[in-house]
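A.B. asks: Chains as they are written, first to last, in the working numbering: chain A, 50 to 1000; chain B, 126 to 628; chain C, 1213 to 1277; chain D, 470 to 610.
Hints in this document: simulated from the structure, not taken from any laboratory.
You may find that some hints are simply not true.
Calculated lysine to any residue pairs in the SDA-like style (CA-CA distance at most 25 Å, straight line) [what the hints assert, rightly or not]: (1) A:K476 <-> D:V576; (2) A:K245 <-> B:H428; (3) A:K245 <-> B:K381; (4) A:K245 <-> D:R486; (5) A:K148 <-> B:D595; (6) C:K1254 <-> A:K281; (7) B:K381 <-> D:V576; (8) B:K381 <-> A:G252; (9) A:K479 <-> D:R597; (10) A:K431 <-> C:K1254; (11) B:K381 <-> A:G382; (12) A:K281 <-> B:Q575; (13) A:K148 <-> B:R584; (14) A:K431 <-> C:P1251; (15) B:K381 <-> A:K709; (16) B:K526 <-> D:P561; (17) A:K476 <-> D:A515; (18) B:K388 <-> A:V119; (19) D:K572 <-> B:K381; (20) B:K526 <-> D:R597; (21) A:K709 <-> C:E1243; (22) B:K381 <-> A:P61; (23) B:K220 <-> B:Q400; (24) B:K388 <-> A:P61.
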Amino acid sequence: MAYEPQADFGTPQVASETRVTLTIDGRSVTVPQGTSLMRAAALTGGSIPKLCASDNLAAFGSCRLCLVEVDGMRGTPASCTTPAAEGMTVHTQTPRLQKLRRGVMELYISDHPLDCLTCSANNDCELQDQAAAVGLRDVRFGYAGENHLGLAADTSNPYFDFDPSKCIACSRCVRACDEVQGTFALTMDGRGFASKISAGQAGDDFLSSECVSCGACVQACPTATLQEKAVKEIGKPERSVITTCAYCGVGCTFRAEMRGEQLVRMVPWKDGKANHGHSCVKGRFAWGYAQHKDRITAPMIRESIDQPWREVSWDEALGFAASRLQSIKAQYGARALGGITSSRCTNEETFLVQKLVRAGFGTNNVDTCARVCHSPTGYGLKTTFGTSAGTQDFDSVEHSDVILVIGANPTDAHPVFASRMKRRLRKGAKLIVIDPRRIDLVRSAHIAAEYHLPLQPGTNVAVLTAMAHVIVTEGLADEAFIRERCDWDEYQDWARFVSDERHSPEVLEAVSRVPAADLRAAARLFATGGNGAIYYGLGVTEHSQGSSTVMAIANLAMATGNVGRPGVGVNPLRGQNNVQGACDMGSFPHELSGYRHISDTATRALFEADWGVTLDPEPGLRIPNMLDAAVDGSFRAIYIQGEDILQSDPNTHHVAAGLKAMDCVIVHDLFLNETANYAHVFLPGSTFLEKTGTFTNAERRIQMVRKVMEPANGMEDWQVTQALANAMGLGWNYTHPSQIMDEVARLTPSFAGVSHARLDEAGSLQWPVNEAHPDGSPIMHEAGFANGKGKFVVTDYVPTDEKTGPRFPLLLTTGRILSHYNVGAQTRRTANTAWHPEDLLEMHPTDAENRGLKSGDWTRLASRTGETTLRLLVTDRVAPGVVYTTFHHPATQANVVTTEFSDWATNCPEYKVTAVQVMASNGPTDWQEDYEALSARSRRIAPEIPAEAAE
Amino acid sequence: MTVVRISDDALALACGADAVAAAFVGAGCTVERVSSWGMHWLEPLVELDGKGFGPAVPGDVAAILNGTSAKAIGIIADHPFIARQQRLTFARAGKTRPLDLADYAATGGWAGLYRARSIGAPAIIAEMSQSGLRGRGGAGFPAGIKWQTVASAPGDRKFIVCNADEGDSGTFADRMLMEGDPFQLIEGMAIAAHAVGAGQGYIYVRSEYPHAIAKLNAAITLAAEIIAPFTIEVRVGAGAYVCGEETSLLNSIEGKRGEVRAKPPLPAHQGLFGQPTVINNVLTLAAVPHILSEGGAVLYDSHGFGRSKGTKPIQLAGNIRHGGVFETPFGITLHDLIYDIGGGTASGRPVKAVQVGGPLGAYIHPDRFDLPFDYEAYAGADALIGHGGVVVFDDTADMGKLARFAMEFCAVESCGKCTPCRIGSTRGVELIDRIRGGATAGGAVESLPQMHNAAKTPRSREADIELLEDLCETMKFGSLCALGGFTPYPVLSALRHWPEDFG
Amino acid sequence: MDVAHLTLMANQIARNFAVQGDERAAAATAEHITLFWDPRMKAAIRAGGGADLSPIAAAALSRLD
Amino acid sequence: MNRSARLVEIVAAHAGREGPLLPLLHEVQAEFGCVDGEAEAQLAHALNLSRAEVHGVVSFYHDFTATADPRPCVQLCRAEACQARGVEALVPAAQAAAGGRVKLHDVYCLGLCSVGPNARVGDQLYARLDQGSLVELIERA
């Protein structure tokens, strides 16, 4: 696609059934009632000059360039704020208007630098375009008047600069921050001629302000006032490619704007159905890791992990790997091999890895990082609703009246969706937050939760059961819905169970520490407040009762009739960009693509016929079981694509022991990650910018990932997997990822209608896409549940075995922050570290006081499993008795302290509950020091072969 | 016991009324503090048995009491300045104690409200429409139509907002009404609330009016039971002239920057806090009790001129001998106002110009003093009535300087939202300076060879005047609200009638 | 495989199904293990003797054959 | 009581109001002589607004100042009606009398337009000023 900015119709689309017909410059146009004259004119192909208007912002009417004349109306109304009316006759180009517009432009340019040719926005500047459009030739005021030309630029943000001398005070940045992002970090400061944009207060700059660096302001700016540093350095882009972000599960689509092979900037794509033109600091700005000097682009091998790495040819590396795998298989059997697919890679790549493991290695020992995040979602929703996926599209939130957020922190982990949710909340929807920590959604500018239930970590099931108790015992359940859509007998069993007095909020308050009155009020609100939607994240799944909690959520949704239409539903917020896709593609050891159990003969036969192999009918090992088996000696080789299990999985010591015990660890990744410390083969990976395929986001939306630049290592990841397969003699011959998707479609009913060609045409598709749903399925279970009737499952509250006691009196829970992503492999290699240079431990002031600790102190965080040190942040965001940290930095190794407890049904680790003690410390633990030494040792690359050029 | 009546209006206080009152108390009199009659040149005006003495100073007390004062003006009500007026809105001026409920009730207070309650909302609105009352704030929009719009607009809640941000120089009728007869305003708001179904009212008063604020707060407390369940709260402005514009006023009450909102949506549909809102000026709402009293609407309609119905409290200000508030039916000429009623200039020098309608009103040349006071007539003469302020200037006035001041005032008070007002007003000041200082060549930048398209020859005075006219056109038709849109009136009128004052 | 760990896992599954009553819980636990456990895990726990297994887990394992 | 605690009290006193920011700012300005960044931040937190928003409001209105000015303040009306009555001729003497000790502040209209030139000190109003009485007023301030 050539470089041209996306069309801007000036004002947002209006949803109205009523249509009006009017005449603009002699052309007749019919538009929904309420459409602005500006938009109506744009729809006729006309173009009214404008500067303050943009179609993602409410009309503002300040620049006064868009004035028009309307027959029968006095004066010259602004077309952006004047709605079209039936029979109107509008003139957009008259001598009078031309003179007025030129007069306005003359004023603008009398207070603007005249350095267009050396300006970073040259030829990409709306002010320049409009000056041209109105025919300005001279500024008769001269240039000696009062002006803003001397104002200093604010370069504090690592990604963009703010140059107030170029500002035309259109407020688009302020409005974008308010309306689109919902952070309200910007304001107009002062008034009249002295008006100027200010990030925060007088003493603030962009970095110190409340700005979350989502980039909406930069995108909104019609001049070079807010400009990406990259554009300033590189120049104007010349071409663009639409692709999908590889950070979180929101799945934003972007225009990757390129100059040659160089990425200049990522601009959110307005037609992206997940993000509608919005972005966050990660997707928009934090792509520099792709070119980071740490990228490994040549394959490497070593005989044993105490040796330095040796760079070798692809053939040698693949041959080395294949022969090790084959000899292990020969000696120990196929079940000694396994693989881990990546939730970061494309569906096509993931499908190939599991195919390699099942068909090539001959085992079902394949798992994916969903094991450690959303495996309970798969289990819980499949059990209750019949489908392992969320029920809604993101747009659904526009129709919600009550939003229940449990165990999720959307503003940090799913920021683009959080902005949508916040917009709905500002328009009146009510919010209930169930979280041990006072997340931003509980209270931030213009957002306040009706109820925040700050539960004790590990008591989700107790709280949800108590809510169900209130709903059932107070007669608030939607019986009509239940009778029609669910199994009535199972409902009655469940209702009897939750109605028991021992599940009342008053009794369970002792366990959950949630005030019973608040809980009752929240339950009533959810049951009676209109469309109720539940959004949840890893605070639900990463528990011993993760699967129970997911089912309890599903029960709650069904009991209140909140399934099967817009505005309701159960919505898991997926962590990684393609965790939904990785699960869909058959990455779990017990099931093939489309969630069909490996033991099902008919399904297996389908694959066996297509692949020409016999498949093992028994489920394989999950990641933690693989590590157990490795220590045990029965599991000896693993191919890990795009995962860093050493850092991301719980109980680092145990992971290290498992990896160390293996004979062949193949890491396929961008960087020498922590897991690679234990690897024998390193296969360089490619970034999402370097490949073609698809990602599936949290709303089941399949979207194209398009190659923006050539892979630095010469191969896309699917090609590497194919090369490894072929080195093992499998004879694969895919020439394009679309062929892999065709295979998926052929073998997977819910993907039957999916192909790259259809995705190119439709933009995106939400599965199931099949004969019944040829255009996909934004909302699931509209007419009935996937397995006929919704299934109520009795979820008993079984407390975790992890208990606090005198030695470990505090509960540690973990989470994420906005600027970093997962283990930080990417974001730590970008300027995002400006916001979060290290992991901090949050502690309530009372607990800190008791320990004589204050913010900034080094503290030792110890559990029964291990200990680490990190610095303290004293805050009342966490309740007394609870501490919180993030796990973005390997130096901290937060997972050294997490335990091996896990979800009863899926073994999803219990990251969110660890009994700990915190005390003053004066430096890193022995483990941290040893680990650092090990890391340095394991990352050595043999000196005789030159490493990649420095810088 | 001798009863003496002296106003406690802010203007009387500024002229020393408290000291005079104290002197009468010292002399053993009972002093009643009443509203001001509105004859400002006589303030402090002392009333003794209906007779007036003014302007009084404490030293006048003995003479007034013993009947020898040279400041006697006779029976106040018979004074020509009063006798010539048709006082409806200011009927109580000078006669009642502002915060005395008994005085208010005894002079017909609350009759309109009680009657309004008995006839019901549709009938109230019908009578409002019948009266022909148009908004007294300046725009002259028919109040009945506005109320009808709010009454029929869907909304959870509705509001009555009184615009008491009287910022125009030369106007003080709102202030006098709020200080002198606050219950009348409260009654008018209560009737409006009843008509449209509003539960809450706000009076937005500029912070420059501390006495009005205090009186209103006291009056609201006193009247709370009478107007219940309707409640009223006073909100104080914070030094922003532009907040007299209704949409920026609403933003200000909401606690936001006083930036002007684009219309539509109209406040009647989405006003305060997004709800349907009646927003009327003080004098509009204060006229309501009279209209709603028995036969009031017909009586109101019978006054006036053309489509300008009822009476208009005109404020005579600036360099005028007999300044004050003069309530009269529309149609009176400037000549009559300035000479017959106002007595010419205070300085005794010839009148040079009159600015009608505040800082955004045109300067009217004595040639046009035959202009009748009427919305349409003024509009036809490129002028505006606005809030009815008449500021007289004598022949020492520098009209070029006043034109510059108009631009400067706009620059100081611009909210900054729209470009023509934000940048145009500052450029206007600079341009008038340039014209008055003798046209200069282009600046150093323009003469650079790189500035190929810029004019290289010095700009002539004619060219700069043309530019000023173009700028005024851009501001007039391009601005978002009346601040930028009307600033060209004083500028262009000064330029047209007194070009010699522009250097 | 570490039998103690497998026993812990089996007991945890059993404990979460226990609310359904012993009989149904044993069936559900057995089904769960069948569907989600790798053969060597099933073999190891059965070979482990079942010393620390809860009654439901033990009943479940006895159904596995 | 420290400032922060006093601010909490002020906020609490306006708890029942809808859109309470302007009344709060007036009270803060009156109490502390200014609305500084710290007060802005505290009000933002209390009202669930962003810091930027509160700053935007504070900086919009001339009645609110970022720093306190301990000097007495004399507000002198410079609007048209007072100009017509000769206020401009008094300004040089007023400025001289004010010097650095008194803050001489322009105001546009006090609503006493028939009896100008006018000035305001606190809530006290003064009309019919001439050079002598204005200078005296400033010197007494």
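A.B. asks: Give a verdict on every hint.
C.D. replies: Structure-based check of each hint:
no. : hint               : in the structure
1   : A:K476 <-> D:V576  : 40 Å, violated
2   : A:K245 <-> B:H428  : 50 Å, violated
3   : A:K245 <-> B:K381  : 16 Å, holds
4   : A:K245 <-> D:R486  : 30 Å, violated
5   : A:K148 <-> B:D595  : 9 Å, holds
6   : C:K1254 <-> A:K281 : 62 Å, violated
7   : B:K381 <-> D:V576  : 22 Å, holds
8   : B:K381 <-> A:G252  : 21 Å, holds
9   : A:K479 <-> D:R597  : 59 Å, violated
10  : A:K431 <-> C:K1254 : 24 Å, holds
11  : B:K381 <-> A:G382  : 72 Å, violated
12  : A:K281 <-> B:Q575  : 24 Å, holds
13  : A:K148 <-> B:R584  : 20 Å, holds
14  : A:K431 <-> C:P1251 : 23 Å, holds
15  : B:K381 <-> A:K709  : 62 Å, violated
16  : B:K526 <-> D:P561  : 17 Å, holds
17  : A:K476 <-> D:A515  : 21 Å, holds
18  : B:K388 <-> A:V119  : 15 Å, holds
19  : D:K572 <-> B:K381  : 28 Å, violated
20  : B:K526 <-> D:R597  : 23 Å, holds
21  : A:K709 <-> C:E1243 : 33 Å, violated
22  : B:K381 <-> A:P61   : 24 Å, holds
23  : B:K220 <-> B:Q400  : 39 Å, violated
24  : B:K388 <-> A:P61   : 17 Å, holds
Violated hints, in rising order: 1, 2, 4, 6, 9, 11, 15, 19, 21, 23; the structure is consistent with all others.
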